[in-house]
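Letter by letter, the chains look like this.
Number of protein chains: 2
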Amino acid sequence: MELLKQRILEDGKSLPGGILKVDSFINHQMDSKLMYKIAEEFVKRFKGCKVDKIVTIESSGIAPAIMTGLILDLPVIFIKKKRPSTMSKFKMFTTVVHSFTKNIDCDICISSEFLKKGDRVLFIDDFIANGNTAFGMLEIAKQASIDIKGMGFVIEKSFQNGGNKLRELGYNVESLAIVDDLSDCKIVLH
Amino acid sequence: MELLKQRILEDGKSLPGGILKVDSFINHQMDSKLMYKIAEEFVKRFKGCKVDKIVTIESSGIAPAIMTGLILDLPVIFIKKKRPSTMSKFKMFTTVVHSFTKNIDCDICISSEFLKKGDRVLFIDDFIANGNTAFGMLEIAKQASIDIKGMGFVIEKSFQNGGNKLRELGYNVESLAIVDDLSDCKIVLH
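Chains as they are written, first to last, in my numbering: chain A, 23 to 212; chain B, 23 to 212.
Wrong hints could be hidden among the right ones.
Copies of one chain are not kept apart here, so a pair can be met inside one copy or by any two copies together.
Subject to a maximum C-alpha distance of 30 Å in a straight line, what follows is the list of computed DSBU-like cross-link-like pairs (lysine-lysine) [claimed, not checked]:
1. K75 x K103
2. K69 x K187
3. K208 x K111
4. K72 x K171
5. K171 x K113
6. K111 x K124
7. K113 x K35
8. K27 x K138
9. K43 x K138
10. K27 x K75
Keep in mind the hints are simulated off the structure, nothing from the lab.
All values derive from a computational prediction rather than experimental measurement.
So that you can see chain A by itself, here it is in the shape it has in the complex:
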């Protein structure tokens, strides 16, 4: 997606440790029109997929996911990183995801009310790096017996290989911008 790539080169920052800082337009301050265009691009790329609902994970996945839901007129469910007091322990799917950036384990959960056996799901998130969150989603999909029809990421870090691991498993993965290298504080796009 050209517009996104240009924006990453203009406003993104490559920080030591392979971190791409895009908090001026993606994951802290958000460019709402760009989010809508990102959603249009997801809709285009997943055109052939019949989908019943969209699943994302809080917080930075919510904006691109809700825009995609708006265009496709589909409900959007966000996986929570903390179980709310109103969610019954006995009515949820849950798994543990390790965050390398924050170096913590995180329990992620989703109410079983909103994922029905056989549901066709499009998973949307802002980033895929090593793929830990995405594999957490696959674990939840297994528990819920749902069918992941597509996995869309705004930005993929190809050098951390999560996207390719998913592709090798046969998943339909689309990343709107692929970052090949962030060494020496440069940004090299695919």
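Model the placement of chain B on the given structure of chain A, informed by the hints.
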């Protein structure tokens, strides 16, 4: 907002302890079209206000805020409940908010890059109850010397008084549905 009120009465659940569960359409599973209509209503209610940006707080505020940003073509910044590793401690505004529902203190923060002195801000969130989060926003506004032009909430619990405290201080508060009573597992709307 009639559509929202009807939906709360149809799909909301009143739980013991004054909790309104709306996780099938607002804050876990989200109805994307309803979110857009909520944003349209905010735009209508804050029509006279000149605003430079929208601020919300993760996670449930993001969907109504980004839709409002989309209509008004404004950037949307979400306050974080945890400082990301990419955010410098020396370049942020921060305060502590107590969550009564979760009974925890929470450090909330926003990068000072995205709030400039004199910015005219519309604050959007899903709920206002006792107003702790909103007062956290006011504290951040004071640190950043920004001007809160309006505060929009999808649902206000009037019996917890946060909305009225803000109105008494002179803030321009708009709530799209006001819940007067949740006792005995009933939902009484204003």
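Now the hints, each set against the structure:
1. In the homo-oligomer, the alpha carbons of K75 and K103 lie at most 30 Å apart both inside one protomer (20 Å) and across protomers (27 Å), since each shortest distance falls under that limit.
2. With identical chains, the CA atoms of K69 and K187 are at most 30 Å apart within one copy only, with a shortest distance of 23 Å there and 49 Å across copies.
3. In this assembly of identical chains, K208 and K111 lie within 30 Å of each other by CA distance solely across copies; the values are 24 Å between and 45 Å within a copy.
4. With identical chains, the CA atoms of K72 and K171 are at most 30 Å apart within one copy only, with a shortest distance of 8 Å there and 43 Å across copies.
5. Within a single copy, K171 and K113 get their C-alpha atoms as close as 24 Å, which meets the 30 Å cut-off; across copies the closest is 41 Å, which misses it.
6. In this assembly of identical chains, the alpha carbons of K111 and K124 lie at most 30 Å apart whether taken from the same copy (26 Å) or from different copies (15 Å).
7. Taking the shortest alpha-carbon separations for K113 and K35, only the inter-copy value of 16 Å comes in at or below 30 Å, while the best intra-copy value is 41 Å.
8. For the homomeric pair K27 and K138, the shortest alpha-carbon distance between copies (27 Å) is at most 30 Å, but the shortest distance inside one copy (36 Å) is not.
9. For the homomeric pair K43 and K138, the shortest alpha-carbon distance between copies (20 Å) is at most 30 Å, but the shortest distance inside one copy (36 Å) is not.
10. Taking CA atoms no more than 30 Å apart as the test, K27 paired with K75 passes in both settings, with 28 Å inside one copy and 24 Å between copies.
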